Each structure stands twice: as structure tokens, then as C-alpha cells.
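> Heads up: the sequence lines are chains A and B, in that order.
Going by numbering that gives the first Met the number 0, the first sequence opens with residue 0, and the numbers climb by one from there.
Going by numbering that gives the first Met the number 0, the second sequence opens with residue 0, and the numbers climb by one from there.
These aren't lab readings, by the way, just hints derived from the structure by calculation.
The structure presented is a predicted model; accordingly, all values stated were derived computationally and were not measured.
Just so you have them, the derived chain B footprint on chain A, three or more residues with Cβ under 8 Å: (1) 74-88; (2) 94-102; (3) 117-123.
Even glycine gets a Cβ: it sits at the ideal position worked out from N, Cα and C.
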Amino acid sequence: MTAPILDIDDLKVAFSQGGRTIHAVRGVSLTLAPGEVVGVVGESGSGKSVAMMSVARLLDEKQATITAARLDLDGHPILGMKQRQLEKLRGPTVSYVFQDPLSSLNPVLTVGRQISEGLRRHRGMSRTEAKDAAIELLRQVGIPAPELRVNQHPHEASGGMRQRMMIAMALALRPKLLIADEPTTALDVTVQADIIRLIQQIQRDIGMAMIWVTHDLALLARVAKRIVVMYGGRIVEDAPSSRLYSAPAHPYTRGLLDSTSRFDVSFREQTPIPGTPPDPSLPITACAFAPRCARATDICRTKIPTLDQCGGGQSVACFHPLIGSAS
Amino acid sequence: MFRFLIRRLAMAVIVLLIVSFTTFIVGHMTGDPVELIAPENATREAKEQLREYLGLNRPLLVQYTSYIGNALQGDLGFSFVQQAAVSDLIMERLPATLKLAFTGFILSLVIAVPLGIFIALNRNSVWDFLATSVAMIGQSAPNFWIGLMLIAFFAVHLKILPVSGYGGVSYIILPAITIALQSAARLTRLMRASMLEVLNADYVRTARSKGLRQRTVLWVHSFRNAMIPIVTMAGLELAELIGGAFITETIFAWPGVGRLAVNAVYQRDFPLVQGVVLFAATAFVVINLLVDLLYVLIDPRVKLS
Ligand SMILES: Nc1ncnc2c1ncn2[C@@H]1O[C@H](COP(=O)(O)OP(=O)(O)O)[C@@H](O)[C@H]1O
Ligand SMILES: [Mg+2]
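Using the sequences provided together with the hints, build the complete structure.
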């Protein structure tokens with residue numbers, strides 16, 4: 000087996016905020032092989048973004064405390080790293096596409112400048128070489144008239160175009176791992192499908208590993224072979240997508256599937272899961288989903304379930320998984 | 000961008016018209032100029048003659064129009080009290096005012112920008128706490144109090160700087176500090192807040208995610224954005240320093256336009272008061288136009304609106 004590109008074991012992230020502690024991530028373990036595409040799904044606030052940001056240590060460490068038994072990126076333990084060493088991994092090894100391209104691009108710098116910076120920093124390109132490369136990248140992500148666009152500012156482009164620019168920027172150094180955090184959530188429905196297709200096509204071309212973060216389970220059916228479900232800062236299920244859709248093991252996954260119609264192209268929410276997500280400022284002593292779960296029993300309210308294999312490459316953190324029962 | 004500037008220019012003209020009309024009306028309502036100019040024992044006929052000679056018997060609107068017409072040609076009227084043209088009086092005092100205003104302005108920026116950035120980068124540190132507290136006090140301390148304290152300490156107690164007056168470099172230090180402190184306090188707090196906001200912005204996270212050096216993230220990606228609100232505010236501060244150093248100029252016997260205006264009010268020299276107000280308003284408006292231009296240079300988004 001090849002060495003994993005990402006190896007996370009028991010990642011925890013806590014923010015201190017006005018005397019309170021917010022436990023955003025409460026023990027996440029995830030291993031990714033080179034070239035593998037994984038989808039991460041969960042309700043808003045379940046800790047997806049915070050967990051992903053920890054991979055390149057992008058969180059403000061004045062507020063965030065990150066701990067893990069292991070947090071290796073391409074074989075480098077990143078938790079003890081100095082900023083200087085980390086900077087060398089950001090870009091060529093791991094790269095990000097964020098949710099809102101307008102706020103994620105710098106309003107006062109040209110698009111070309113923002114794409115070429117990484118190339119100049121990591122590849123030592125000259126200004127003109129980097130600009131030519133930026134034009135080529137813009138062409139690759141399907142932006143018309145790239146020689147003109149390269150000198151423009153982000154606000155001069157449409158939402159879909161901006162996200163293409165963001166993608167060009169993230170891919171400039173052909174990263175080994177791309178983390179796309181809700182890359183289509185802020186976009187018009189009409190361009191969402193185009194952007195999804197573009198990212199997929201580039202992922203295949205480069206053969207990079209990828210984590211696709213979304214709160215929309217239906218979207219992942221088309222893009223990821225493996226899906227990880229997060230709830231309350233933990234992974235509650237990790238399974239091949241075919242199995243996850245046909246035989247979800249966790250009651251929460253079942254609820255997510257029921258709330259999203261796979262055949263509905265507009266991804267409309269149908270029956271949201273009743274109840275509210277757990278309060279991240281409270282410590283957990285039991286299954287975080289128990290208060291919203293129809294199957295919950297006494298053990299669910301007193302012990303924390305661990306993520307265990309349940310066959311077929313599927314793991315679930317539940318005392319009463321749906322496996323084997325006719326659900 | 001062109002339309003943006005045209006619109007701003009039109010707004011500037013409107014503002015100046017309103018200001019000039021208001022001061023004109025107020026000037027005419029507060030007293031009869033003829034009573035002030037004419038000798039006490041003048042006869043009614045003599046006063047009427049004077050009124051006619053000065054054009055004060057014409058309808059107000061006509062008087063106003065000719066006042067504006069003259070102002071556009073640089074003629075702001077005649078001060079009977081001082082027996083000199085208002086524009087000459089202002090021009091004579093202007094260099095001193097500009098010297099004080101710009102020295103104070105530069106001083107304020109030199110303090111506020113680096114300090115604001117420093118405490119933003121070291122937020123919640125002892126330095127941050129100290130600087131923020133001092134800025135808060137400085138912002139609420141009145142100018143005349145700061146000026147008097149500075150005089151008491153440096154001029155009277157230590158005797159290392161002159162109490163007041165106009166002359167070499169040593170004379171400008173205390174008044175410049177006096178007018179700079181409040182402005183520096185405001186700008187420091189704004190710089191801190193602006194920098195903190197930018198450091199939390201998504202595009203700064205993007206810049207870090209590309210592996211850029213910390214100094215690139217700070218100076219290229221954060222600084223320029225953080226300066227956008229500072230430029231507007233600094234423009235207002237400068238305009239205020241030029242048009243509003245009345246108290247400081249009076250305390251330090253600084254021969255600027257502000258002191259000219261204060262004296263003019265005491266002597267009920269209306270043409271001069273009117274002239275100074277119009278001048279100060281013009282300075283304010285012109286500086287704001289310059290700020291708008293500068294804005295277009297640092298923030299490319301402005302071109303759209
Ligand atoms: N900088 C921060 N300070 C305090 N709490 C934060 C911060 N960032 C995120 N959180 C909290 O962490 C939790 C997880 O957030 P996030 O990872 O953004 O969720 P998701 O991406 O799954 O919607 C939320 O409760 C959120 O309020
Ligand atoms: Mg998120």
C-alpha cells in the first residue's frame with residue numbers, strides 16, 4: 000500500500016471565545032490515499048470547515064487549539080512545524096477552493112497577480128513567466144479571453160467566473176491534495192453543475208487526491224467514491240458511497256438521505272431531521288445524536304460510541320446501527 | 000470612474016452653494032453692517048448713502064449673486080474693520096495654518112498607522128491595552144486642555160520649548176502635537192479595527208493557503224485593504240485640521256486663519272467671518288474630492304459605482 004497523502008488520527012480543535020470553549024472538532028480520524036476522492040458531509044456547524052482548515056493549519060492559532068494523535072500531510076507531521084516549513088506545503092502539497100469566491104479573492108489585486116503569486120513563490124518563476132502561466136491556467140478552467148481577464152479585478156467577473164479563477168489559483172501548483180469546501184454553495188444553481196464538472200475533470204487529469212466538503216449529500220453521489228458523515232464535530236459514518244446510499248448504517252445518515260431527494264435535481268430539502276445539532280460549547284459524554292434519534296436507548300445517553308468497522312469497508316459510530324435490520 | 004467623479008464634483012458645488020448662502024444670510028441677520036461701519040454720530044442720510052454705495056439696499060438675492068460672482072474671481076469682499084481685502088487677509092494667514100495643519104497631520108499619521116497595525120497584530124497584549132486606553136482618553140480630552148497641559152509642562156516647567164508665538168521649529172512642536180493627538184487617537188483606533196477585520200477576511204486566509212510568506216500576506220494582501228477606510232478618515236481629519244484649528248491657534252498665538260476668524264467674530268467683522276467660513280468649507284470639499292481620487296487608485300471596485 001502506498002503511503003497516505005493525509006493521515007489524521009483523533010483530531011480535536013477547540014476555540015476559546017470570551018471565556019467559553021467551543022469544541023468545533025471532537026476527535027476526527029481520516030486517512031486518504033494518493034488520488035483518492037472523499038466526500039465530507041454534515042449539517043452546517045458540524046465542524047467540516049474547521050477540520051479541513053486544520054490540515055494546512057490555516058486557523059488563527061491565537062484562538063484555536065489543535066491537537067491530534069497524528070496529523071500527517073504527505074508524510075510530514077504538521078502539528079510541530081514552523082510557519083516557514085508549513086508555507087512550503089501550502090500550495091504544492093495541499094490547496095483549497097473556498098465557498099465564496101467573491102470574499103475569498105482579494106478585491107484590490109488583479110486576478111493574474113493572485114494566480115501567479117503562488118507560482119513565483121514556489122516555482123521561482125519570473126513575473127512574465129508566471130503571468131503567461133496564469134493566462135494558460137485561466138484558459139484551462141474555461142475562462143474566455145484570458146489575456147484580458149488576467150489584468151482584471153475579481154469584482155469585474157461573474158460568480159461562476161470568479162469560482163473558476165479560484166480553481167485556477169488552487170490548481171496552479173498541481174497540488175497532491177485539493178480541499179474544496181462547499182465550492183458551489185455560494186453560486187447560482189445554473190452554474191453549479193458546470194463548476195462540479197470542471198473540478199471533476201481536473202481532478203482526473205491531475206490525478207490528485209481530493210476532499211469534497213458539502214452539506215448536500217445528493218451532490219456527492221456524482222463525485223465521490225467514499226463518503227464521510229460528520230455530526231457534532233465527529234465522524235459518525237465512513238463508507239463507500241454506493242453502500243452509504245443503499246444501506247446507511249447510522250440513523251443520522253438515514254435522516255440526511257431522507258431529507259434530500261437523490262432524484263431531485265434542485266437538491267431541495269424535503270423532510271429535515273427534527274431537533275437541533277448539539278451545542279459545541281458543552282462537553283460530550285454520550286452519543287451526540289441521541290436526543291434526535293428514534294433508536295436511542297440508555298447506553299446511547301451514557302456512553303460515547305466509537306467508529307467501528309461493520310463490514311464492506313463501512314464504519315459507523317452507533318450502538319444500534321441500521322445494518323442487518325430491515326430499515 | 001468618470002461619472003463617479005462628475006457626480007462628486009456636482010455634489011461639491013452644491014455643498015459650497017449651501018454653505019455660502021447660509022453664511023451670507025446669517026451674516027445679514029446678525030446686524031446691520033452700516034451701523035458697524037459708520038461713525039457713531041453719522042446722520043441718517045449719510046448712512047443711507049453708505050448703504051447705497053455698498054449695494055446693501057439691493058434685494059438679498061442680488062447681493063448674494065454678486066457676492067458669489069466676486070468670490071469666484073477670488074474677491075471675498077472688504078473688511079472695514081481691518082481696512083483690507085478679505086482674500087488678502089486670508090492669504091496672508093494661510094501659510095501659517097497650512098504649516099501647522101500639515102505638520103499635525105503627518106505627525107498623526109506617523110503615530111497612528113504603525114501603532115494601529117502593531118496593536119492589531121498583538122491584540123489583547125499589554126501594548127494593545129495601553130495604546131487603546133490612551134487613545135480613548137486622548138480622543139475625549141479637549142484640545143484646549145491638551146494644549147494648556149503641554150504648555151504647562153514643556154514650556155513653563157521644563158522651559159525647553161516656547162510658550163507660544165510663531166518662529167523657528169521649536170514654536171511649532173507644541174501646537175502640532177496638540178492638534179495631532181485627537182486625530183492620532185481616532186486614526187489609531189480605526190487602523191486597529193480595520194487591520195483586525197482584514198486579517199480575518201477570507202482573502203487573507205486564501206493568501207495564506209497559497210503558502211505566501213507572512214510578510215507578503217501582511218503587506219500585499221492585508222495592508223492595502225486595511226488602508227481603505229483610513230484614507231477617507233484621514234481626509235476628513237486633514238480638512239478639519241486646516242479649517243478647524245481655531246482654539247489651538249488662539250492658545251498658541253499662532254498667526255493662522257483660525258485665529259483670524261476668532262478675532263473677526265469678536266470684532267463683528269462679518270465680511271471676514273463669511274470669507275473664512277467659505278474658505279474653510281472650500282478646503283474641506285476640495286480635500287474630499289482629492290480623497291475620492293485617491294480612493295479610485297487604491298480600491299479598484301470604486302470604478303464601478
Ligand atoms: N473562529 C472561530 N471561533 C469560534 N468558533 C468557531 C470559529 N470557527 C468555527 N467555529 C465554530 O465551530 C463549529 C464548526 O464550524 P464549521 O467547521 O465552520 O462548521 P461547518 O463547516 O461544518 O458548517 C461551529 O459551531 C462554529 O460556530
Ligand atoms: Mg463550512
